[in-house]
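Protein chains in written order, with my numbering: chain A, 1 to 465; chain B, 1 to 404.
In case anyone wonders, no lab produced these hints; they're calculated from the structure. Every residue gets a Cβ at the ideal spot worked out from N, C-alpha and C, and that includes glycine. Possibly wrong hints are sitting among the right ones.
Within a straight-line C-alpha distance of at most 27 Å, the following computed DSSO-like cross-link-like pairs (lysine-lysine) qualify [unchecked claim]:
1) B:K139 to A:K403
2) B:K139 to A:K374
3) B:K139 to A:K367
DEER-style ranges, computed between Cβ atoms [unchecked claim]:
4) B:E153 to A:T238: 43 to 53 Å
5) B:S311 to A:P443: 49 to 59 Å
6) A:G422 to B:G273: 54 to 64 Å
7) B:R184 to A:A372: 40 to 50 Å
8) B:N196 to A:G422: 42 to 52 Å
9) A:F430 to B:Q258: 52 to 62 Å
10) B:S311 to A:G97: 45 to 55 Å
Residue strings, one per chain:
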Amino acid sequence: MAQYDVVIIGGGPGGYNAGIRAAQLGLKAAVVENRGTLGGTCLNVGCMPSKALLHASELYEAANKDFATLGIEVTPKLNLVQMMAQKAESVTALTKGIEFLFKKNKIDWIKGKGRIAGAGKVEVTAEDGSVTTLETANIVIATGSEPAPLPGVTVDQVRIVDSTGALSLPEVPKSLIVIGAGIIGLELGSVWRRLGSEVTVVEFLDRITPGMDTETAKTFQRSLTKQGIKFKLGSKVTAAKTTKSGVDLTVEPVAGGEAETLSADYVLLAIGRRPYTEGLGLESVGIVPDKRGFLPTENFRTSAPGVWAIGDAILGPMLAHKAEEDAVACIEAIAGRHSHVDYNLVPSVVYTAPEVAWVGQTEEQLKAAGIAYKAGKFPFTANSRAKINHETDGYVKVLADAKTDEILGVHMVGPQAGEMIGEYCVAMAFRAASEDIARVCHPHPTRSEAGRQAAMGVEGWTMQS
Amino acid sequence: MADIMTPTLGESVTEATVARWAKKPGEAVRKDEILVELETDKVSLEVAAPSDGVLSEILADEGITVEPGAILGRVTEGAAAAAPAAKSAPAKVEAPVAAAPAPAPAPVAPVAAAPLAPSAQRIVAENSLDASAIAGTGKAGRVTKGDALAALEARANAPAAPVAAAAPREIHAREERVRMTRLRQTIARRLKEAQNAAAMLTTFNEVDMTNVMALRNQYKDVFEKTHGVKLGFMSFFVKACIHGLKQVPEVNAEIDGQDLIFKNHYDIGVAVGTDRGLVVPVLRDADTLSLSGVEKGIGALGKKARDGALSMDDLQGGTFTISNGGVYGSLMSTPILNAPQSGILGMHKIQDRPMAVGGQVLIRPMMYLALSYDHRIVDGQGAVTFLVRVKEAIEDPQRLLLDV
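Isolated chain A (complex conformation) (with noise of 0.2 Å):
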């Protein structure tokens, strides 16, 4: 009799999500566990600190320039000191609150790190160097993924940065420049913009948040270059140099051209995350990874019976959501429950004033996939309450089937538009069509009213533009 009916190796939100499950259904669960807390990237190094300073950074610029069009005057004092002491703390509070879900629910958390030692057999080597073997019937991999490298440029963590190192600089940099204009360079540059760095972004590709619907990631982009972020698009860094006092880059354009280089205090790299899957004895039970690094997976089983993997370490969008998706699903299939995650309806929000949030298919996806569609748009100028708060920016696009209406993909770019796509990823679950929200009542006057007026734009009935 094995010592546990599951070992899950991580404890981010895959991990401990699929201890919780696994004990509410029953089931001997233990988490080993590296880090010295729980939570993995998204609590540690990921989504938690990275909104706790983007929350403050806001508030910040907000006193700065918008307090008195309100009739507000201040002049604002930054500490940063204390800034990063409240998202620490914040930090600090949400991974106790993981280690009290575990007690609660009797679950090993098992520090150390681990590896797997053939079926069955996990092996946890601890800080001081001991090792344990546990048994189990299960092992469910969810060690999650680490920030991408690129070549030429070595991340020091103190002039060149990855996204764990842009959460805890020591000052404000007076420039910074960001390789990648993904969803963590854009956020991260956001913070350090907003309080007060001249940031400028380098992206390979000639666009912005590759992934986004088209138009919205336009909307999105003249949002940020009006709030002083540059954009340097369809170029490739290919070397950097740190200096006492900063970083050089060498920047090419990708369509061939000279070689410039820029200068900055501090170099941001965020080009993406591959999953982190090395050193995890798949060869003793045979799992061979995929050539960027992710396990293959059927319905989250791999090849190896009795070992599984979520989250970040298979594909899919690698999102701390996706991941508390995957553990739920692998879990239950565990426990011999029908288990299934539609990647189609996991959500993506870009934490940025204004926020983008989508789902489902881009307006570039349906047209790939000669699906007719209908979109309707409505922009949060004509929506009272942005209105309101002077804060007009973007809008709502519902994008549905031209003959069922079934909703296809929605893209909100806006003040807290990641609130609002939970309603779209209800309706879309329950496939519903745009008219199903059009002729919902919501709240006046409220943002989630903008939602609506696009969903009503489908068939062309929008009321208030």
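Once you have looked at the hints, place chain B on chain A.
Below, chain B alone, put in the same frame as chain A:
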């Protein structure tokens, strides 16, 4: 708590009706005890209790339409019958499965219970659609706007509504109204569909059974001793039909839109009367079977049919059908096609009749044969040729041996 699930019904069967619950909520049940009976278009099937315990709730009442994977009810494991189903502790999962089998398709709850989405409500109300008749494709079988629009379109495209669609007529004294079973409704619909779709007509012939009866009499004992099954006439007719089908392949084909689909396999449906109605189980790859194989196959299917134990797979995919009205004494009939097939052979009663044989009147055991066929695909010449081939093979069974 264990769910009582709707089992897989068969490849093209998407729903079943809950016919009868054998237990009431609160009653004790034993594992594998029959709990609920379902009716599908073709068969009725029984669902057993997943575990010992108490039937704690019924989620799909009698008359409700369910899909495979839908939860019919729940059994609280190990509970005593007296204690009513209190929501007990969180579901305890049995031994975790190291490599569990591939998960079942998404559970789908009964359609009828789900309220309509706002858009579907509007379409149903504006067009007086019967919401309960719309098949839902949304989450848990809910009717989406697309489903409602499709139902509306289907109605617009449907031919003039059948007469029966009017309000039910009043029942007079000495009359009785009985709801058609699902099987009966399906038979009715399918027969009518076949008549509406095909250009159906029937050609006749007759067959002298003398030789085949003699052959049978000569070998029936040793045949039964060797094969453990009685030698009947059915096996000869199955073989004779395959012989004919090979020569006239369009009788073994079907129409699909603007195309013909020729089938290079011979799966022969054999109509069997049961107390629930007529069913047509299919004898697979009958061309590869010996006479004894055919007899055994038919015997097994007939038994399953009478026991109500046919699976959907037993009933699907036939390429040609044989119907024997002779067992009831029919002398001549015009069978209706089993759509989308293009031919059906009617066998009839063997009756001694005076025949002119070699200039003399002899009494011979004769059977009329009928072939109903779809004239859209089978020409008169083909139909007649087919029937003549069957006649020749039965009158001279050695032809089957020599394949001529």
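- Query: Can the suggested window of 45 to 55 Å be confirmed for the beta-carbon pair S311 (chain B) and G97 (chain A)?
  - Reply: holds, 53 Å
- Task: Take the C-beta atom of F430 (chain A) and the C-beta atom of Q258 (chain B), compute their distance, and say whether it sits inside 52 to 62 Å.
- Result: violated, 38 Å
- Item | Range hint compliance [Cβ, R184 (chain B) to A372 (chain A), 40 to 50 Å] | 42 Å Cβ-Cβ, so the 40 to 50 Å window holds.
- For the range 43 to 53 Å, tell me whether the beta carbons of E153 (chain B) and T238 (chain A) fit it or not. The hint (43 to 53 Å, Cβ to Cβ) is violated, given that E153 (chain B) and T238 (chain A) are roughly 59 Å apart.
- Message: Taking 49 to 59 Å as the stated bounds, is the beta-carbon spacing between S311 (chain B) and P443 (chain A) within them?
- Response: Distance hint for S311 (chain B), P443 (chain A) holds at roughly 54 Å.
- Task: State, for the Cβ atoms of N196 (chain B) and G422 (chain A), whether the hinted interval 42 to 52 Å holds or is violated.
- Result: holds, 50 Å
- Hinted pair K139 (chain B) and K374 (chain A), Cα distance within 27 Å: holds, 23 Å
- Do the alpha carbons of K139 (chain B) and K367 (chain A) lie within 27 Å of each other, as the hint requires? holds, 26 Å
- Task: Sort out whether K403 (chain A) lies within 27 Å of K139 (chain B), counting only the CA atoms.
- Result: holds, 19 Å
- Task: For G422 (chain A) and G273 (chain B), compare the CB-CB distance with the range 54 to 64 Å and indicate the outcome.
- Result: holds, 58 Å
This entry does not satisfy hints 4, 9, going by the numbered hints stated previously.
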